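**Q** With these hints in hand, go ahead and build the complete structure from the sequences.
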Amino acid sequence: MPSVSFEHVSKRFGDTTVVDDFTLDVADGELLVLVGGSGSGKSTILRMLAGLETVTSGTIRIDGRDVTALPPRDRDVAMVFQDYGLYPHMTVRENLSLGLRLKKVPRQEIDRRIAWAVGILGLESLLDRKPKQLSGGQRQRVAMGRAMVREPKVFLFDEPLSNLDAGLRAQMRIEIGSLQRRLKTTTIYVTHDQVEAMTLGDRIVVLADGRIQQLGRPIDIYRAPANRFVAGFIGTPRMNFLEGRIHHEDGAPAFVAEGLRFDVPREDVASVGAVTLGVRPEDLLIPSPSDQRPSTVTGRVVLVERLGGITHVHFDAGPHRLMAALPNDTAVTVGDDITLGIRTERLHLFDADGRSHL
Amino acid sequence: MSTLRRVGLYAALTLAALTFIYPFLWMISSTLKPPFDVGTLELIPDRITLDNYRTMWVRAPFGRALLNSALVATTITAAVLVLGSMTAYAMARLRFRGQPALNAITVVVLLIPGQLTLIPLYTLIVKLGWIDTYAALIVPYLFNATAILMMRQFFLQIPHSLIDAARMDGMGEMRILFSIFWPLAKPVLAIVAIFTFMGSWNEVLWPLLVVREQQLMTLPQLLTVFALGGGAGSLGVSLASAMVLVVPVVIAYVFLQRYFIESMAGSGTKG
Numbered sequence: 002m003p004s005v006s007f008e009h010v011s012k013r014f015g016d017t018t019v020v021d022d023f024t025l026d027v028a029d030g031e032l033l034v035l036v037g038g039s040g041s042g043k044s045t046i047l048r049m050l051a052g053l054e055t056v057t058s059g060t061i062r063i064d065g066r067d068v069t070a071l072p073p074r075d076r077d078v079a080m081v082f083q084d085y086g087l088y089p090h091m092t093v094r095e096n097l098s099l100g101l102r103l104k105k106v107p108r109q110e111i112d113r114r115i116a117w118a119v120g121i122l123g124l125e126s127l128l129d130r131k132p133k134q135l136s137g138g139q140r141q142r143v144a145m146g147r148a149m150v151r152e153p154k155v156f157l158f159d160e161p162l163s164n165l166d167a168g169l170r171a172q173m174r175i176e177i178g179s180l181q182r183r184l185k186t187t188t189i190y191v192t193h194d195q196v197e198a199m200t201l202g203d204r205i206v207v208l209a210d211g212r213i214q215q216l217g218r219p220i221d222i223y224r225a226p227a228n229r230f231v232a233g234f235i236g237t238p239r240m241n242f243l244e245g246r247i248h249h250e251d252g253a254p255a256f257v258a259e260g261l262r263f264d265v266p267r268e269d270v271a272s273v274g275a276v277t278l279g280v281r282p283e284d285l286l287i288p289s290p291s292d293q294r295p296s297t298v299t300g301r302v303v304l305v306e307r308l309g310g311i312t313h314v315h316f317d318a319g320p321h322r323l324m325a326a327l328p329n330d331t332a333v334t335v336g337d338d339i340t341l342g343i344r345t346e347r348l349h350l351f352d353a354d355g356r357s358h359l
Numbered sequence: 650m651s652t653l654r655r656v657g658l659y660a661a662l663t664l665a666a667l668t669f670i671y672p673f674l675w676m677i678s679s680t681l682k683p684p685f686d687v688g689t690l691e692l693i694p695d696r697i698t699l700d701n702y703r704t705m706w707v708r709a710p711f712g713r714a715l716l717n718s719a720l721v722a723t724t725i726t727a728a729v730l731v732l733g734s735m736t737a738y739a740m741a742r743l744r745f746r747g748q749p750a751l752n753a754i755t756v757v758v759l760l761i762p763g764q765l766t767l768i769p770l771y772t773l774i775v776k777l778g779w780i781d782t783y784a785a786l787i788v789p790y791l792f793n794a795t796a797i798l799m800m801r802q803f804f805l806q807i808p809h810s811l812i813d814a815a816r817m818d819g820m821g822e823m824r825i826l827f828s829i830f831w832p833l834a835k836p837v838l839a840i841v842a843i844f845t846f847m848g849s850w851n852e853v854l855w856p857l858l859v860v861r862e863q864q865l866m867t868l869p870q871l872l873t874v875f876a877l878g879g880g881a882g883s884l885g886v887s888l889a890s891a892m893v894l895v896v897p898v899v900i901a902y903v904f905l906q907r908y909f910i911e912s913m914a915g916s917g918t919k920g
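Chains A and B are the protein sequences, given in the same order. Position one of the first sequence corresponds to residue 2 (my numbering), numbered consecutively onward. Position one of the second sequence corresponds to residue 650 (my numbering), numbered consecutively onward.
By construction, these hints were calculated from the structure, which means they are not laboratory data. Take these hints with a grain of salt, some might be off.
[Claimed, not checked] Restricting the straight-line Cα-Cα distance to at most 25 Å, the calculated cross-link-like pairs of lysine to any residue (SDA-like) are:
#1 A:Lys154 - A:Pro238
#2 A:Lys133 - A:Gln172
#3 A:Lys131 - B:Tyr902
#4 B:Lys835 - B:Tyr771
#5 B:Lys835 - A:Arg130
#6 B:Lys776 - B:Val788
#7 A:Lys133 - B:Tyr908
#8 A:Lys133 - B:Ser810
#9 A:Lys104 - B:Ser810
[Unchecked claim] Simulated restraints, written as ranges between beta carbons of each label pair:
#10 A:Gly65 - B:Leu751: 34 to 44 Å
#11 A:Pro107 - B:Leu751: 50 to 60 Å
#12 B:Gly712 - A:Arg113: 56 to 66 Å
#13 B:Gln806 - A:Ala167: 22 to 32 Å
#14 A:His9 - B:Met823: 27 to 37 Å
#15 A:Ala167 - B:Val731: 41 to 51 Å
#16 B:Leu716 - A:Lys105: 24 to 34 Å
#17 A:Trp117 - B:Met823: 25 to 35 Å
#18 B:Gln748 - A:Gly40: 19 to 29 Å
#19 B:Val757 - A:Arg113: 36 to 46 Å
#20 B:Gln806 - A:Lys105: 52 to 62 Å
#21 B:Val731 - A:Gly168: 25 to 35 Å
#22 A:Arg13 - B:Gln748: 16 to 26 Å
Fair warning: this is a prediction, and the values are worked out from it, not measured in the lab. Each residue gets a CB set at the ideal place from its N, CA and C atoms; glycine is no exception.
**A** This is the structure:
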């Protein structure tokens with residue numbers, strides 16, 4: 002039995018449809034990430050599951066039980082909020098225990114759970130502090146502790162790392178991941194950050210305009226995005242897109258765009274009209290004697306960003322601006338002409354509707 | 650700032666402060682002077698006497714009036730805080746049909762001067778048979794648009810995630826209001842309490858209209874009737890009765906001035 006099921010769930014505010022016919026099963030113990038831009042409906046889905054937002058139509062089940070009309074406290078879920086949602090006038094201990102006290106959990110049991118949670122999260126010395134005496138990372142841990150002590154069936158995370166600086170965000174991301182693996186509690190994690198989605202999720206749901214664009218394991222989505230939106234959203238640096246056509250010349254398919262032409266030696270490419278070709282920056286390579294590629298693209302370098310480990314080279318091929326992620330020792334400067342090989346086996350083609358063609 | 654400028658500034662401020670405080674000090678001192686000395690401008694009485702207070706206490710039921718005032722002002726203040734914060738919470742944080750209309754009506758109520766509603770309200774009280782009752786003094790003041798709007802404005806600044814967290818913790822709306830919002834809104838609640846209490850405590854016109862029985866009169870009303878009606882007999886006695894009116898307000902201010910100054914400074918430094 003799935004831990005959480007959404008069955009044709011929709012949410013409308015007046016005439017605006019925020020979530021449209023959302024259907025999804027989340028397995029027991031799974032960490033599922035909902036990822037999308039603002040307005041994609043990801044937070045609304047989470048809030049409907051929490052009971053903080055009503056459902057316009059459809060059914061939500063937790064462990065098979067219909068919870069669609071239940072108030073939050075009766076759903077056995079716990080949530081971690083973006084700005085933590087800690088009660089400023091209460092100490093850490095009071096913040097952690099309030100929900101349990103309201104549920105009339107016995108005193109000893111409350112103490113046991115708090116001791117367990119603060120032990121895991123390293124909050125022992127902070128129990129008598131108020132939230133404003135804590136750092137961002139500590140507040141985040143308290144918020145997680147508050148969710149943990151409830152021992153819920155499902156953890157909900159609503160962009161929990163957005164308020165933290167980059168270094169802390171990476172650290173907390175790792176902590177959340179290892180915590181989830183340790184507790185094995187079903188977790189639904191909402192984020193706009195595709196790095197968080199890729200690194201944390203057992204599976205990812207990519208959302209746009211209240212609809213599921215793609216559902217799958219992170220690496221599968223990365224390798225085979227279902228449509229142009231997903232291709233552009235998942236992966237850093239972003240995929241390059243070229244508008245053009247596929248021609249079959251002497252039986253061999255070729256991609257032709259303004260000022261640009263290269264072979265696409267693949268048998269699975271049928272002749273179609275207008276297409277968008279997608280190529281990830283790491284699939285553009287400096288040709289070497291051992292790696293000669295028949296398909297190449299040539300352009301003039303307009304910007305070189307040296308990140309240390311790799312170098313991002315932006316170049317113009319005709320009217321098209323492309324970017325390649327090259328090794329850090331690549332000797333190029335602005336104004337150079339470069340010719341890069343294309344890993345044609347990793348190309349993506351999208352038809353006029355944006356759907357994947359391969 | 651140079652020493653000279655600072656001296657100048659302090660001199661000006663001291664002068665201004667004296668201008669405000671002198672009449673008050675003079676009033677205190679005059680209540681302690683024998684009848685002949687009351688007219689003088691001196692602040693230190695040659696001879697101190699409590700005769701004025703004794704006379705006042707004997708001639709009119711000031712003790713009872715003090716109780717009446719305390720009862721009326723406390724009830725109104727409590728109601729304005731409890732009912733007002735409930736209304737403000739709903740206006741700020743709940744979604745319901747007619748909410749924009751409610752917001753608009755509250756602002757409109759604020760714009761209507763009290764004098765305008767005096768006569769219709771009086772007629773209503775007469776029809777209800779509430780003349781010479783506490784209800785006439787209390788009920789018309791139970792809701793206060795200014796207080797509601799002040800509290801609503803403050804509640805809007807409290808992050809929504811706190812309400813979400815409280816709901817996840819299993820709290821109902823009332824509990825969220827009184828155990829989450831109230832502790833956070835202490836400064837604004839204190840301000841509303843001070844203004845409501847002082848407004849109610851000092852109110853003269855309305856009690857004069859709806860209460861004629863001396864046993865039900867509030868302190869300022871009795872004072873007005875007593876002093877203007879010639880019951881006091883001397884300036885010293887009049888001033889002594891005024892002191893009885895002022896002292897509770899001053900005491901309240903001393904206790905709550907921290908919040909008072911905070912709100913006047915308008916700083917957004919809530920934790």
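**Q** Going back to the hint list, which numbers does this structure go against?
**A** 1, 3, 4, 11, 16, 19, 20, 21
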